[in-house]
Amino acid sequence: MPLTVARRMRLLVVDDDRDYADSLKAFLELLDDWDTDVAYGAAESLVRAAKDRPDAVIMDLHMPPETGFIAAAALKARVAPPAIFAMSGSADLIERAREDTHFSCVVMKPVDPTVIVNWLSELSAKRP
Amino acid sequence: MRLSDFIATNIEQLSVEYEAFARSVNPAGNLDSNALRDHSSQILRTFVVDMRTPQSKLQQAEKAKGRQVRPALGETAAEQHGTQRADLGFRVDQITAEYRALRASVIRLWLETRPVIGMEEADELIRFNEAVDQALAESVARFTVAAAQDRTLFMGVLSHELRTPLGTVVASAHALRKAATLDMVLPEAIERTLRSAARIENILNDMLDFVQGETQGGMRVHVRAADMDTVGERVVMDARSRFPDRTLSWRPSGHADGEWDENRIAQALANLINNAVKYSDHDKPVDVSVSSDAKDRIVLTVRNRGALIPTRRIGTFFQPFVRGAVTDRADAGLGLGLYIVKEIATAHGGSVSATSTVAEGTIFSLVLPRRMDPGLPSAFGNLGRH
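Each protein sequence line maps, in turn, to chains V and D. With the working numbering applied, the first sequence has no gaps in its numbers, which climb one by one up to 128 at the end. With the working numbering applied, the second sequence has no gaps in its numbers, which climb one by one up to 386 at the end.
Treat the hints with care, since some could be wrong.
Which stretches of chain D does chain V cover? Using the computed rule of at least three CB atoms under 8 Å from a CB of chain V, they are [said to hold, decoys possible]:
#, stretch
1, 106-113
2, 168-175
3, 182-188
The set of hints was computed from the structure by calculation and includes no laboratory data. Bear in mind that the values here come from a model prediction, so they are computed numbers and not experimental data. Yeah, the Cβ is synthetic: ideal placement off N, Cα and C, and Gly gets one too.
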């Protein structure tokens, strides 16, 4: 039996606020436990996801004219759907996201990045 | 002629009088004639029906306490009126003034018919006043609800706008703490943190300007000799570096000296340019110019090509808390930008207006006297001058 080596986790950070997306990526890259990529919009996240097939997505919800809700639904329809972490600065959207089964974790901005790390570690532990 | 009959036969004329007054207090300057008349004639008809309906002493007492039985299902004309006024950016004193004017003009025109006033006429006059008070109460109740919704919406937008840059600061700080060697993340983390801090500061400055404009009799300006061409050029240069992928044309007047608060004028022009860049087609230029008009006032114009703005909406752009102003762009900000432009214009004794046509595109014009007339009492009193 050939030994299968689990591939590294792939992460995709999605936020139309470039500074925010880049700063989260900069932090997550320091942990060296996963490969982190970034997309600056919902449509771009779908293109990236089709290419890189991420295991986990950190998704902003308010990205006009698009929304993270639509992107999440599209990502979940994929063959190997990623786990999706929702974040937003809007209380209304956070409430809506909590009702949305596409998200496994929903957090109000500013997000404590260690919350993301804990979520990712749990995901990682559950991987086959 | 009895008052109720007088109102019933003169609804059209009374509505016209009322419309003229409503236009004079209207803050947005964009009232649709039909909408105005529709409300006033419906409200007047309600008065007539009410006055002709027999009413017991008990019913009258209940009504005076605001506890009468609602006559009809659905919204009354006065309730619709209150919601509409909130949408148009009216203040509660302006709604009240409208009803006061309606009451006064009905009574004045009725008295001009020289009615013989006996017990019945006096009773009808009381009924009329009750009906006006009832309508006013209904309008104000709806207005208050609508205004509260605007505030809630605004607080939501404010929170959202602050939380994202705050998130950048938090994430950058965590990166700095985590980094094995600081130079791995330091330069970019510093830049992102500073940009986020500047964004938060801008939002808070806008809030402060808003509070000053609303509560302290208008924005304060510090005027001194300045050249509008120089101010304009500085703002345009700055905007070109902020929007490197956009074309900004610039046309100075060649003769634009006067007395203004340079920083405030620069802020107003920058807001107009930001607005034009944000809401125009990406591949179309934004044209900025300084000129002088027939009255030798300085005119700053910012023109963009993009989706046309319906005329009835233009006036509301300069109001804070305008309903429906939900941000539809990530960088839409608080929606206070044009309100601040208006405050700056007013504080200088000037004005701001906008037009949107297929031929010309959307043009915002800031018209400023070269210097403020010190003898002229202005809307902001003397508070704005130092």
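Hint check against the structure, violated hint numbers in rising order: Number 1 - this is the single hint that the structure violates.
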